[in-house]
Each structure stands twice: as C-alpha cells, then as structure tokens.
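Protein chains in written order, with my numbering: chain B, 1 to 214; chain Z, 1001 to 1187.
If you're looking for bench data, these hints aren't it; they were derived computationally from the structure. Each hint should be verified, as a subset may be incorrect.
[Stated by the list, open to error] Output of the computed footprint for chain B on chain Z, the stretches with three or more beta carbons under 8 Å from beta carbons of chain B: (1) 1062-1070; (2) 1093-1105; (3) 1131-1141; (4) 1163-1175.
The beta carbon of each residue, even a glycine, is placed where N, CA and C say it ideally should be.
Residues per chain, in single letters:
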Amino acid sequence: MSMWSALRADAAVFRRLRYPRGGAWSKLGLWLRPGGMRILFAQRLGHELRSRRAAGARWTPALLAMRLLEHFATYSVVVFAKSDVLSSIAIEPGVYLGDAGHLIIGAQRIGSGTMIHHRVTIGMNLADQGKPTIGANVWIGPGTVIYGNIMLGDGATVLPGTVLTKSIPAGAVVQGNPARVVRMGFDNSVLRASIDCHIDATSLPASNAAARPA
Amino acid sequence: MSMRAAMCADLGRYLRGSRSRGALIRALMQQYGLQATLVYRFGRELKRRRWQFWWWPLTLPGWVVYGPVALFMRTAYGIRLALSADIGPGLYVGHFGGIELVNCTLGRGCSIGEQNRVGARTERSGPRIGERVWLGGHVTITGNVSVGDGATIGAGARVTADVPARALLMGNPARVMSRDYDNSAIL
C-alpha cells in the first residue's frame, strides 16, 4: 500500500475523531490544525523513502526533493509537536497519534486502528533490549511508557500513566507503574470511538460481556 | 571547571569516542539535547561572572544573546535547563520534550531522558544527584532527596526518598529492584 492511501485512511480516522458531526470545514481543519496528522505525514514520507532506498532506488532529483521535504517535515514535527517517530516503524494505515505531541516512538510495527495519545514513549534505545510490537486496535493512554522486546495483542488497552515492560494478550487492560492486568477480554471500541482520555480502571465498565447480546 | 572544559565533556558524551569532523557536525546539528546543554553552559558562565563588573562589556551582550536562545530551546525542543540547576560536566540528554531541571544538583557524567522533571521552582532545596546516574524517560524527582553515585532510575519512576549508590529503581513510588546494578552499559 502506498503512502498516500495510508494517509487517506489516517485522515478518515482523524476526521471521525475530531469532527464527529462532520461539517464543511472538517476536511480543511484536518490539515490546518497541527497535531498527529503532521507527525504521520513526516513518518510515512520517511518510511517511503527508506523502503525505496532499500529497494535499490538511485538518488534522482525527485527522490532528493522528497528527502528535503522529509527533513523539513521531521524538523517541524520536533519543534511543533516535540515528537520523534522513527521512520523505520511499519505503521499500518488508519492510526491516530496524539494531537498534543510529546511522542517518542521506536516500535517495530503498529497495527491499524491503534490510538496513541500524547506524552507516550515506546521502545528504548538500549543495546540489549528489543523494540515493542503493537497490534491492531490498541488504545494507549497519555503518559505511558512501553519498552522492551514485547508484544501488545490486538485490542489491548493501556490506561493512562502505565509503565509496561511485559507482553500482554489480546483484549487485556493494564494500568499502573509497574503495570498490572486489571481486566481481560475487554472491548475497547468505545474508548477508540472518542478522542477523550479521561479514564481509569475504576471508571471502566466492569465487564462488557454482560452487555453483549447472547 | 571552565566553561570550555565542561562543553568538551558534554560533546564527548555524544561523540562516544568518534574523532571525525562529520560526527561532530552531525552531533551539533541533530542532537537537540547537546544544543540545549551548550546554551546552559554559556548561561552558567554568564551567571558566574554576574558581579565581576570588569566583564560586563562582554556579559551584558552575552545575556542579550542567551535569553532568546534559551527561550528557543525551551519552546522549540521542550528542554529547560534552568540556571538554578548545578549540572556537572558530561551531561547526556537522550531525547527532547518535557525536560525540566530546576533547583537541583547533578554530578558529572549523568544521562537524562525525555519528560524528566528534576526539582521544582517552589522548593528551596532540591534533589542532589550523584555522578554517573542514569535517568530514564518520564522520571520525576522532587523534594529534598539525594541520589547516590552510579544509581539507575528506570523509565517512569517517581522518586520520593533517598536512593543508595548503584541501586536500580523502578515504579511509582520508586522501589529498589537491585542493590548493585552496573549501569555502565546503558550510560
């Protein structure tokens, strides 16, 4: 999938979250308002460039122009969003990154439908530790640190302020520093439907298995 | 220690033994933490010569330069190394964003990460941190506490009590995970 179709999928996610009631300005505001969309643009541009270079592409004027654009996009992400999202990460289309920035992300892979809020650090640049792999539809709250060679299952939920260093299965909810699993088999689609992140273990529904029709 | 020697020690942390000119230029251009540290060293030198009036022809224009540049480091990179912090030579700032060092003492050869908050503006006596201490990301140390030499504070820890030398701490509130942890590999 090319960079532009991935960005279109991201734009659909951002538009749904920021402008739930739609409106004429929602498409324009997506690009005018700073935030996660710009971080994703810089990252996807850098990733595209990396993969083309790895495939053996030569430095043509078009590729050099792309490199220059990536440089300025990355620097503006540093200055305006205080974020460093490595271009080596394979980010699947349709991802939300926090509009408030402060993201230091060096994961291996980020699945589609994942929401990462602001002030999050993923992966540490230490010699002996690998990078985390994040599945699809994961919700990661603000102020979270995730590091080590771990795997976050599909649909996992990391509540705000968690420091997570161990793998968690699909549908798990973790909270705390050090992290503890507080729920299993949780469906986080309600969390991912909104841009709000004022949530903790006490305000989570006890179990959504009961609410689900038989 | 002079400003120049402290700056060279900081630079040595980023170059990691490399002697090439390209590595030097790359570190100065791309390492925002290094830029902020060098600006901090300059500001400390100005502060040290504050009452030496025979330096005023040089220090007064120096303050005019330092102010806007330090403001840029704070707003653009989110790195605030306040002049009230006494930071030893050889500081390594791993990432950028949300870093604030105020009213504290750091020994030589420390490493800090993103979202670190050491000391508070409202406290008279801040944390005292020893030599070769490694602070991970999202670490908060406030209050009148001391951290021993060679200690390692894991990512996200919230330190509220004194830390023995060479200890490894993690969690909120921070607990000692190991009494004898060698952080020379990650420093």
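Hint check results:
Residues of the segment 1062-1070 of chain Z with a Cβ under 8 Å from some Cβ of chain B number 0, which does not satisfy the need for three, so the listed coverage is violated. Here the segment 1093-1105 of chain Z counts 5 residues with a CB under 8 Å from a CB of chain B, which clears the bar of 3, and the coverage holds. Against chain B, the segment 1131-1141 of chain Z contributes 3 residues with a C-beta closer than 8 Å to a partner C-beta. That satisfies the three-residue criterion, and the hint holds. Residues of the segment 1163-1175 of chain Z with a Cβ under 8 Å from some Cβ of chain B number 3, which satisfies the need for three, so the listed coverage holds.
Comparing the model with each numbered hint stated earlier shows that hint 1 is the single one that does not hold.
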